[in-house]
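Now for the letters of each chain:
There are 2 protein chains.
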Amino acid sequence: MSDLNKSNIAESFRSLQLEIVDALSLADGSVHFASDDWERTMGGGGCTKTASGGRYIEKGGVAFSEVFGEVTPAMAKQLNIQANSFFATGVSIVIHSQNPSHPTIHMNVRYFETDQEECWFGGGIDLTPMYVDKNYAKAFHLELKKLCDSYRSEWYTSFKNWADDYFYLEHREETRGVGGIFFDHLKPKDGKEKHDFFSFCIALGRLFPSLYHNQISKPVKDASEHEKKWQALRRGRYVEYNLLFDRGTKFGIASNGRTESILLSMPPVANWEYMHKPEVGTEEWNTLQFLRKGIDWIS
Amino acid sequence: MSDLNKSNIAESFRSLQLEIVDALSLADGSVHFASDDWERTMGGGGCTKTASGGRYIEKGGVAFSEVFGEVTPAMAKQLNIQANSFFATGVSIVIHSQNPSHPTIHMNVRYFETDQEECWFGGGIDLTPMYVDKNYAKAFHLELKKLCDSYRSEWYTSFKNWADDYFYLEHREETRGVGGIFFDHLKPKDGKEKHDFFSFCIALGRLFPSLYHNQISKPVKDASEHEKKWQALRRGRYVEYNLLFDRGTKFGIASNGRTESILLSMPPVANWEYMHKPEVGTEEWNTLQFLRKGIDWIS
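Sequences listed follow chains A and B, in order.
Going by our numbering, the letters in the first sequence line up with residues 1116 to 1414, in that order.
Going by our numbering, the letters in the second sequence line up with residues 1116 to 1414, in that order.
Simulated from the structure, these hints should not be mistaken for laboratory data.
A few of these clues could be false.
Identical copies look the same in the list; a pair holds intra-copy or inter-copy alike.
[To be verified] In silico lysine to any residue, SDA-like type, Cα no more than 20 Å apart, as pairs:
{"hint": "1", "residue 1": "Lys-1343", "residue 2": "Lys-1392"}
{"hint": "2", "residue 1": "Lys-1392", "residue 2": "Glu-1154"}
{"hint": "3", "residue 1": "Lys-1392", "residue 2": "Phe-1148"}
{"hint": "4", "residue 1": "Lys-1343", "residue 2": "Thr-1397"}
{"hint": "5", "residue 1": "Lys-1392", "residue 2": "Asp-1151"}
{"hint": "6", "residue 1": "Lys-1192", "residue 2": "Ala-1369"}
{"hint": "7", "residue 1": "Lys-1344", "residue 2": "Asp-1248"}
{"hint": "8", "residue 1": "Lys-1344", "residue 2": "Glu-1399"}
All chains should be built: construct the whole structure from the sequences, respecting the hints.
Quick look at the structure:
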């Protein structure tokens, strides 16, 4: 791709969405995807593919958007930019698994440019098991390291630490899950870098279905009431993270984005219980011990 | 009370909490209140009284707090103040009712001062029925008008409109419920005004139990599955409001407040469903028509 511009980046992201939906449909033969095209009054639009009723996937979706227009005061504040107009395109995924032994997973790749001759890429992926299994966390991180290493040797460590800091619930003093990678404001200094950053985003997106497929390959029994309750409580934390901290959600709301597509990330059900604390030594307690920054999952 | 200062305001709020808990226990003979004292590392603390298992009250609580200390950068930004130290005290209530025909209700009164010779009162109350009943909304507003009128003739209209603007979900283009009153930064210009504003906050707090009691006096049948599902979806909106917009929640998080007490407002369970739209003409659809600003509930 010699001439990488916002149009062909958006078109590639649109194709990426379809590829991912196809691959997830193969991984979960029972899942149903519905398609929903939408337009943004202030410029642009998107297509939201919602997933439901799968054997593995309970609720989720793969969303593509390509929005542009005037930078509103709320957006300028939110993004800390001084520009008159913007263009943003991306693919976002959140999947909530049926079984509490299978994780919630999120991925996003995005491209942003303004009329001030600046552009950048961002994205990330992170895994939120209700019950942390070190082997599955390790497998996840190994794949991410392999991908990063094929682009820049320093990226895995840098983006992994960034994810630890980013997917963090300050008020709970816990990470959202076992992390992954996160990167933002990756500004290319030339055409070669622009192509590399773009190619990395596409490669991450293409890796997504197999990363999720690995996680749901974990054999599980039917969930007990106790496990379902724990899942709903952990989903409550997921809601807290998304509404209090997630930049995509905040940007979406600030830019008058499409609410239903932004909140596609919400779980089907979430519970809250005052001062819930699992007993020491239980599986639930063990999981909480893993929800901290700086864990080296690979070695 | 000739000498109204932060200490005796806090003590009055503490007594108010106990009074309200007693009155709610009378209104719902089955409800269980648990008491939880806590301290804030950076200064102050509070007492959270959590409610559960009532005939009418499913989950909720009445929280008292008295916190003080250094103004952190996050707080300065959140509150838009330039001060070195602050003192804040208040009583907050959220009650989620068991039956979908009984509402969620929220009340808060608070006092704030800084080392810059400034102080103010704030507060409010609002009603969130899952099914709007015009008569019950009217009764609620009439009581609030009566209270306001006994202080300042302009307050009801002013605070009612403020509540319409404040308890509003921008991204959903709907109000949280049928509103109520809201006021903030009520800065007394002299001792007389300070006493009036304080007395108004106490009176609002004392009115709370009877306001809730009126709402749950509505005779109801056991809820159907359909009604429970609608309740859980509406509770999802309540979660969105609290985590995306509520100032108390945002201030609490920014001031390193006590997470469990701040998030006492969360419902026991909440659902999300992509693009859920009730059929035209149903009870659920009727309720949505009432979720807009500027409705005059009284006349």
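Status of the hints after comparison with the structure:
| no. | hint | in the structure |
| --- | --- | --- |
| 1 | Lys-1343 to Lys-1392 | within (16 Å within a copy, 27 Å between copies) |
| 2 | Lys-1392 to Glu-1154 | between (44 Å within a copy, 19 Å between copies) |
| 3 | Lys-1392 to Phe-1148 | between (37 Å within a copy, 19 Å between copies) |
| 4 | Lys-1343 to Thr-1397 | within (15 Å within a copy, 32 Å between copies) |
| 5 | Lys-1392 to Asp-1151 | between (40 Å within a copy, 15 Å between copies) |
| 6 | Lys-1192 to Ala-1369 | both (9 Å within a copy, 18 Å between copies) |
| 7 | Lys-1344 to Asp-1248 | within (19 Å within a copy, 33 Å between copies) |
| 8 | Lys-1344 to Glu-1399 | within (11 Å within a copy, 28 Å between copies) |
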